[in-house]
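> Dock chain one against chain two, each of which comes alone in its own frame, and use the hints as you go.
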Amino acid sequence: MTVFMSEADTIVAVGRLTSTRLQAFISAELLVPVQSPQGPLFGPSDLARLELLCDLAEHFDLEGDALGVVMGLIDQLHATRQRLHAVTRALEAEPFEVRRRVGLRIVAGQVKG
Amino acid sequence: MSDDPYAALGLTKTATAADIKKAYRKLVRTSHPDLHPDDPKAEGRLKTITAAHDLLKDPATRTRFDSGEIDASGAERPPDRAGRGFYRDYADAPGQSYPQGQRFEDFGDPSDIFAHILRQRAQSGTGQSGPFGDSDFSVPGQDLRFSLEVPFLEAVRGSKTRITLPGGENLDVQIPKGLNDGQTLRLRGRGGPGYGGGTAGDALVTVSVRPHPMFRREGDDIVLTLPISMDEAILGGKVAVPTIDGVVSLTIPKGATSGQILRLRGRGVHPQRAAKAGNQRVELRIASPPVIDANLQAFMENWRKTHSYDPRKAAFEGMPE
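First to last, the protein sequences are chains G and Z.
Numbering-wise, the numbering used here comes out as the position in the first sequence, counting from 1, plus 128.
Numbering-wise, the numbering used here comes out as the position in the second sequence, counting from 1, plus 421.
Honestly, the hints are just simulated from the structure, not real lab data.
Note that the Cβ used here is the ideal one computed from N, Cα and C, for glycine as well.
One or more hints might be untrue.
Said to hold, decoys possible - Here are the in silico distance ranges between beta carbons for each label pair:
(1) P711/Z - L219/G: 56 to 66 Å
(2) A696/Z - G231/G: 23 to 33 Å
(3) V712/Z - Q166/G: 46 to 56 Å
(4) G192/G - S559/Z: 18 to 28 Å
Said to hold, decoys possible - Computed footprint of chain G on chain Z; a stretch qualifies when at least three of its residues, placed anywhere within it, have a C-beta under 8 Å from a C-beta of chain G:
(5) 455–467
(6) 559–568
Bound conformation, chain Z alone (with noise of 0.2 Å):
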């Protein structure tokens, strides 16, 4: 931050604390990343001025520096939101549950806001009386927020299930094929009830997906690491491969080596609205075997004399001797 607080905040030695209040105020309210969302310096700017104004807002710490006791960075704390920044960085996100009851078909119902204050007061009861008669006051529900663990390969396959909400009645969800982690459902008229005739609120769901102990998902890939045994990445052969829609034959080629990458196309996820499937990358990873017996020593001892091979050699290029 600046050296001087005052000037930080527009003022001089001279401000009374309500002029502090007030110059912070006014300063917060240009410079809040919340409620300037696409000003990218705004976070620097309010970190600036609520520095400034926790060092002037305590007539004791005010004090000690206009004393000299303190420097302005006296009072500069670590920020409290602990590194989760502001709540702009959530707001874009996909499945997003605030405005609450608006979808992009319905692009901007300036009513919308005003709908949940009408809810509670129709809750409350005071919404019986005054402009809102009870012939024509309808507010629709309030939506609902669930969370939902779903097994990796039911949220890839799609499937379906059931939660069961806190008043203790089931609510069944399809899980669409190739959902995401963190992906937000939404089930139309599942939420509150409305008022007054007003529709029912949504049930928004929000859907972790549990990890698979073998399975990868990158993008609509699936990444596999398959352990091959010696003789097979030696001399090739089929071997089976566990897919996410069941088990496929997979030919390895004579000479594999681990780390080499095999692509079963069309075997990876497909997405409800996507046009294809993506890939399962099989991974090689070559086991030796469990038991090395003596005909197997003495043939690698015998094979070694002539074909000796360095896989090093290129990781010691460039090295000093």
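Chain G on its own, in the form it takes in the complex (with noise of 0.2 Å):
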């Protein structure tokens, strides 16, 4: 079972983190909370999430809209990331001749591209 932290172990858990700054990156909506009748709760990927937030933060002084575009892109780029890697499951349960033609289409538009 996924385990849930409250705001104050979260804070402790990830050591750079304050409670102004956890304050401002929800509100951002940077991060977005699990809800429960006992307040917000943050789960593993979400403390993931809050020292890749602090890294951008403190690293190249990021924050506001443009920490936001920042992970918008991330975002981004993880959801293609996981349809590509849909697609290419997808592909690969078909037959081998089947893989060879969506192989060579592919090869053919890069050299066209």
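Shown next, in the form of structure tokens:
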């Protein structure tokens, strides 16, 4: 089962995080905590996302909308990779002849493009 | 890391503090695993340059390193991330909730990236003027996330449940048959309200499945350990077995033994979109009678004289005498 952490535990777990910073991330919708009767909760992927947000904020002085644009692009990159993997997996299940035809078409497209 | 933190950052000892920061930023840009999810070597590179930067960013430790008081590993500290890894390790998980509001169907709508910025301007009121006039300004609402714990049987059988939102209203959730632990359900239009006629966001409900004391799930199979009596094991016979859909009768073969696995075909989990259901695997475990009466003892002692067998023979094969 996924383990969720409270806001206070999350701030302790992600060393560089402060309450102010966390609130800023949430109100900028850079991070959407899980809502519960006990207040907002954070899972393992939220903690990893917070580390990334802290990296970007600290090393590149990114904040506000600029941080939003960068995270938006990273999220789109991941979504695109996920779709690409889905297509690749679907192709893997196809017979060799289909994969060969698709492969040839991709190579031809790259030469033209 | 390398022995020379200056070299790791592509610098020499004469570098200024500004040079160090600049070099570090540039290298993080090219080596942060989350900015280069397909580069397997990025993590190692980031570790090296971060260790080098940690050593050189502080003028005091830098002076100590320069004078040979500490070596390059002196400042190397355990990673901050406490074994969590990087965000990219999670971003590929199914049901990932970012980017907000994007689904497979609306492949790459570039306007999504600005939606939340516009939404915030709308909330703070600054969106009412300027290029986004009242008439054609509309932004979809925010997706909201919830967690929900579901009992094992409700998750495999499917059910209806309800979560209470922080605002006090209730949200009905349909649990599809065969739901997996950690799966995220998307309830369209149940998230935050849209602005300027924009559609409402979605509610994303991440479900954790509470384990069952008897049943375990392995893929679409259900695994159950079933105690049988000594006489059932020896003589065989029919016994009642619980399955996720009720009690069924199972034939124990004559001479059954502990650890033997019997299969109840089609009695496992049948996920909503799967062609067929999994099986239930029943692992037998022989339970001795609670009381050994004089009759049984006398019978066994007699039986042993003429029929003794050694089930441990294989375990001793090849062992030195």
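> A separate judgement is required for each hint: does it hold in the structure or not?
Taking the hints in turn, this is what the structure says about them:
1. P711/Z - L219/G: 56 to 66 Å: With a Cβ separation near 59 Å, P711/Z and L219/G satisfy 56 to 66 Å, so the hint holds.
2. A696/Z - G231/G: 23 to 33 Å: 29 Å, holds
3. V712/Z - Q166/G: 46 to 56 Å: Between V712/Z and Q166/G, where Cβ atoms are some 50 Å apart, the hint holds.
4. G192/G - S559/Z: 18 to 28 Å: 23 Å, holds
5. 455–467: holds (count 4)
6. 559–568: Holds: 6 residues of the segment 559–568 of chain Z have a Cβ under 8 Å from chain G.
Violated hints for the displayed structure: none, as all numbered hints are satisfied.
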